[in-house]
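K.L.:
Sequence:
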Amino acid sequence: DTLQEDFDFSNLLWVFSGRRGIHAWVCDEDARAMNNDMRSAVVQYCNIGVGNENANRLVLDYPMHPRLRKCYEYLSVKFQEVIIRDHNLLSIETHREKMLNFFPRVQND
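Convert by adding 46 to the 1-based position in the sequence shown; the result is the number in our numbering.
Source of the hints: derived by calculation from the structure; they are not laboratory data.
Note that this is a predicted model, so its numbers are computed, not measured.
Each hint can be trusted.
Label pairs and their computed distance ranges (CB to CB):
id : residue 1 : residue 2 : range
1  : Gln126    : Asp74     : 33 to 41 Å
2  : Thr48     : Glu143    : 26 to 34 Å
3  : Asp74     : Arg131    : 36 to 44 Å
List time: in silico EDC-like cross-link candidates among lysine to aspartate or glutamate, alpha-carbon distance up to 16 Å:
id : residue 1 : residue 2
4  : Lys116    : Glu51
5  : Lys116    : Asp52
6  : Lys116    : Asp47
Cβ coordinates follow ideal geometry from the N, Cα and C atoms, glycine included.
Work out the full structure, taking the sequences as your base and the hints as a guide.
P.N.:
See below:
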């Protein structure tokens with residue numbers, strides 16, 4: 047949605063890399079003419095948080111951007127249906143621990 051609605055790109059190819067995740071190849075002529083600074087600005091605009099598999103934590107900004115909120119609401123249902131239930135994510139202790147590490151730690155006094 048973001049690339050299409052906010053930047054008016056239409057020729058997109060989505061690619062999954064097991065090591066680096068999902069990538070969008072934007073093949074529109076305007077996008078291909080962008081310099082590195084312009085491309086970096088688009089990527090930064092689309093970036094939803096900081097963290098990766100090695101950091102063991104994803105940090106989101108609050109309040110969420112309206113577009114991110116829309117995605118979150120859709121994906122939270124699908125995550126429960128597909129990842130937790132169908133893929134049985136929580137059945138393996140190491141997977142369960144890794145997933146729980148992504149949630150903020152709460153300090154109880």
